[in-house]
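Residue numbers (our numbering), protein chains in the order written: chain A, 1 to 199; chain B, 1 to 199.
Quick caveat, the hints were computed from the structure, so don't treat them as lab data.
Since we're looking at a predicted model, the values are computed, not measured.
We put the beta carbon where it would ideally sit given N, CA and C, even for glycine.
Mixed in with the good hints, there may be bad ones.
[Said to hold, decoys possible] With beta-carbon atoms standing in for the labels, derived distance ranges:
1. B:Glu-117 with A:Leu-173: 42 to 50 Å
2. A:Ser-33 with B:Leu-64: 33 to 41 Å
3. B:Lys-79 with A:Pro-65: 17 to 25 Å
4. A:Gly-113 with B:Arg-179: 13 to 21 Å
[To be verified] For the chain A half of the interface with chain B, some residues (derived, Cβ under 8 Å), not all of them:
5. Gly-24
6. Asn-25
7. Pro-49
8. Met-76
9. Ala-83
10. Glu-86
11. Tyr-87
12. Asp-139
13. Lys-141
14. Gln-143
15. Asn-195
[To be verified] Listed next, the in silico DSS-like pairs over lysine-lysine satisfying Cα-Cα at most 27 Å (straight line):
16. B:Lys-37 with A:Lys-37
17. A:Lys-171 with B:Lys-37
18. B:Lys-171 with B:Lys-79
19. A:Lys-37 with B:Lys-141
20. A:Lys-37 with B:Lys-149
21. B:Lys-181 with A:Lys-89
22. B:Lys-89 with A:Lys-79
23. A:Lys-79 with A:Lys-141
24. A:Lys-79 with B:Lys-171
25. B:Lys-79 with A:Lys-89
26. A:Lys-123 with A:Lys-89
27. A:Lys-37 with B:Lys-79
28. B:Lys-37 with A:Lys-79
29. A:Lys-123 with B:Lys-79
30. A:Lys-141 with B:Lys-89
31. B:Lys-149 with B:Lys-79
32. B:Lys-181 with B:Lys-149
33. B:Lys-37 with A:Lys-141
34. B:Lys-37 with A:Lys-89
35. A:Lys-149 with A:Lys-181
Protein chains: 2
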Amino acid sequence: MQTSVSPTFSGTGEDPKCDCAPPGNTVGLQYSSGIYKIASWSHITNAHPVPGPSVVTGLASVGLPLGRGLLLLAEMSTKGSLAVGEYTKSSVRMALDHPEFVIGFIAQSRMDGLAAELGYAGKDLLILTPGVGLDSRGDGKGQQYRTPKEVVEESGCDVIIVGRGIYGDGKNLDVAEVRAKAERYQSEGWLAYRNRLAS
Amino acid sequence: MQTSVSPTFSGTGEDPKCDCAPPGNTVGLQYSSGIYKIASWSHITNAHPVPGPSVVTGLASVGLPLGRGLLLLAEMSTKGSLAVGEYTKSSVRMALDHPEFVIGFIAQSRMDGLAAELGYAGKDLLILTPGVGLDSRGDGKGQQYRTPKEVVEESGCDVIIVGRGIYGDGKNLDVAEVRAKAERYQSEGWLAYRNRLAS
Chain A
1 MQTSVSPTFS GTGEDPKCDC APPGNTVGLQ YSSGIYKIAS WSHITNAHPV PGPSVVTGLA
61 SVGLPLGRGL LLLAEMSTKG SLAVGEYTKS SVRMALDHPE FVIGFIAQSR MDGLAAELGY
121 AGKDLLILTP GVGLDSRGDG KGQQYRTPKE VVEESGCDVI IVGRGIYGDG KNLDVAEVRA
181 KAERYQSEGW LAYRNRLAS
Chain B
1 MQTSVSPTFS GTGEDPKCDC APPGNTVGLQ YSSGIYKIAS WSHITNAHPV PGPSVVTGLA
61 SVGLPLGRGL LLLAEMSTKG SLAVGEYTKS SVRMALDHPE FVIGFIAQSR MDGLAAELGY
121 AGKDLLILTP GVGLDSRGDG KGQQYRTPKE VVEESGCDVI IVGRGIYGDG KNLDVAEVRA
181 KAERYQSEGW LAYRNRLAS
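The task is simple: from the sequences and hints, build the whole structure.
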């Protein structure tokens, strides 16, 4: 169970995350250097696969010697996302071509089927899933929410990523309330996981 | 004619540019707030269309009142880029659905044909093209270079974006040398543009 927003580039959150999408050389520099030196403190980073395989090799050249791991954004939770079809399939190929560095996906469902289709049957990687909310189906700004039950039990994802369901708009936060909300997602997620194992 | 790198998130460059790819609400916050307050000083920002239309509406809600404009990354210059086919076509649709805010594309070729195919015949937007180099065909890290002649004269692009062709690895820069290189790209680009007009 994990909460995550996009802090590295927004300055509003706390988790190690880099919504990187530029080419390999640039992304390697962003990961190792710049003002954030992300690779020096972030164990797991995620990247958009849109530039092609060089984004993985560029990040791996920096991250592998440090024992870091990468997640590729194979799908997004937003309405009308372009990370579908051939895009998602190419993301899976890029990940499975680099199993020494890519440990999973940011996605909305398991990728086993696509992996098998690509000749990587039996290869299983982590699925971390954003767009999770218990009280809302969307934010009116393109974000679509599914419940932990839908995400973990029905779609087979491993980790839920919860943002606004826990911290709301981030203003005037009450620490006890935030903790209670986080625990609610934790227990709902765990229940969904147990139900999946039992089914 | 313009030079550009990916400075906003790398800390290594100087041009207003945001390789944004998160959902609408988040991208709106990154654009208006955070440590960069990009919208307050950047006249033109670019975004990856991968989250879908909400990335445009999220940025427009912040940028339009300030008179800002957006470029969508419809294609990338890297080897094996996933910004092809349906992805590129969807990018064009997203742009042309929001002509009040989207002023063009980061792309490798003109988008007129796709626009016509989508029922927007006669709609013409700016094409700004990275991956331009005179002395190298690639960096061995996925980046592929084309010359100003190929980009402007043959592919019909409007603006060349030159990074390492001008500033190299960015270390121990000689200002006079950088200026001379920039002027070389400027004159090659202008020549290619004149040749296109004359042909």
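_Numbered hints the structure breaks, given as an ascending list_ = Going through the list in order, the structure violates hints 4, 15, 20, 21, 24 and 34 and respects the others.
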